[in-house]
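Here the protein sequences come in this chain order: A and B. All residue numbers for the first sequence refer to the working numbering, where the first residue is 12 and numbers rise by one. All residue numbers for the second sequence refer to the working numbering, where the first residue is 1389 and numbers rise by one.
In case anyone wonders, no lab produced these hints; they're calculated from the structure. Here the structure is a predicted model, which is why all the values come from computation and not from measurement. Every residue, glycine too, gets a C-beta built ideally from N, C-alpha and C. Treat each hint with caution, since some may be false.
Label-pair restraints from in silico Cβ distances [unchecked claim]:
#1 A:Cys76 / B:Thr1596: 38 to 44 angstroms
#2 A:Asp83 / B:Glu1567: 23 to 29 angstroms
#3 B:Asn1602 / A:Leu97: 53 to 59 angstroms
#4 B:Val1629 / A:Thr243: 36 to 42 angstroms
#5 B:Leu1524 / A:Asp271: 31 to 37 angstroms
#6 B:Pro1501 / A:Glu188: 21 to 27 angstroms
#7 B:Gly1413 / A:Asn237: 35 to 41 angstroms
#8 B:Glu1567 / A:Cys76: 35 to 41 angstroms
#9 B:His1539 / A:Glu173: 41 to 47 angstroms
#10 A:Pro55 / B:His1627: 48 to 54 angstroms
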Amino acid sequence: MSVNKITAGLILVAGMVSAQWVNYPSAGIPRTKDGKPNLSGPAPRTKDGKPDLTGIWDVLHNRPCPPGGCDDMFIPQEFLNIGWSLKGGLPYQPWAAAIVKQRMSENRVTDPNAHCLPTGIVRMYTTPLYRKIVQTPGLVVILYEREAMYRQIFTDGRPLPEDPQPSWVGYSTGKWEGDTLVIQSSGFRDGIWLDSNGSPLTESGKITERIRRVNFGTLEIELTVNDPKAYTSPWTVKLTQLLKADTDLLDYYCVENEKDGPHLVAK
Amino acid sequence: MLSAMIAGAQWVDFPTPGVPRLADGKPNLTAPAPKTADGKPDLSGVWTTKAGYIGNIARDLKPGELSFQPWASELYKHRVETQGKEDPQAYCVLSGVPREHVVPYPFKILNSPGMIVILYEALHSYRQIFMDGRKLPKDPNPTWMGYSVGHWEGDTLVVNSSGFVDNNWLDNSGHPGTEAMKLTERFHRRDYGHIDLAITIDDPKAYTKPWTVNLEFNATPDTDLIEYVCDENEKDLKHLVGK
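Bound-form chain A, shown alone:
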């Protein structure tokens, strides 16, 4: 299975860039004497004293380059298999294990990602395109380069709705526990893939994210998926995001001039 196949749509964008790159210096970044960002300094804080998660974030480059050389974009292990760090892998229910096996055997032709559909909040952390967190009073927004998607996390104290309209990004509320932003989400639709292997998330899924900015340049995210319909027990993985300074999001539209679809065929 070639990763190039999985990410064919993702990599195209790099070839199209001809004009000026976005390189405006980010404001408020501590710098060393030579002007480089000092990413090991303390995390910044908002006026109300909470850690400020604002910034542009990249995936952790934790996957060795394939034998053919590195791709333009670094695909983290979690992009391929969200449970790669868990002993014994993800605790799939039997039907979920069967569907993952089927999706992989079919070369992932039914992957929503390959059909330019939204990828949901878990893959939004693992997709090798940047994301920008914007923290405002009462609301944290994450803007995604991929498909100009966004996600809202309400931090104004509201509860999760009891019967939300099912959606790809779900409904999210957050509150601070010390320096950790704890986000609860539900209201997902059936058919979401959590990784390229096709690990499912169903309408019964609930996700908890515990986000900590451990220093200026690093976010640590503890992600717990509780979806009894698809998994025999809740499971937790740790994701790391690295700050990208002095750049910004670009346009990325999967559906514009899309040529991959007809080439996606099962074996």
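We have chain A; now place chain B onto it with these hints.
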């Protein structure tokens, strides 16, 4: 409009905090415009554009105010005659600026330090307007949303944008926009319930002179954006046949 029909579950009806209300609890839309901590008008909130401009963003212009370059006139004629068959939005490519201002779906304006963000329900997209004093880049990567910088002139937010794609549609009838397009948008929150917006389109490649349209946004409290995914279960495309 489909979204209205498939809403089986709970609608998003959380009361918006900070809304001035009448005695009966309804939002008081003629109350004064709110201000941010630095004393500037606060444009944040969920808004819906005044209906009627998606078909033709220039509908209120008097004859002669909009003057095409010859090739742009031909292109516009072609787009109207072929009934929007080539409209990028029909292929689920997002609307871009300034078309997002006339699309009849709600959008949300957010303030953050140094930046205003607009989240759009339609086609699920967003736009960043940098308020940190930076200049427009000289040779930006062309995008549907363009590159935008804003500043305050009194109580009016003035946003300058450039860096647009070359095959822009400014509305459903297909008024063209090119890479040469520069936009000036002047946002004024007249009262709690209304923003007046004047957009000046200066695109010498497509038009012989700049032209200005005036739009109005209506505050849409006590609700929120819902998810809009154009290319999911998409059934329209094969019916777009022109004439």
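Against the earlier hints, flag every one the structure doesn't satisfy and list their numbers going up.
1, 4
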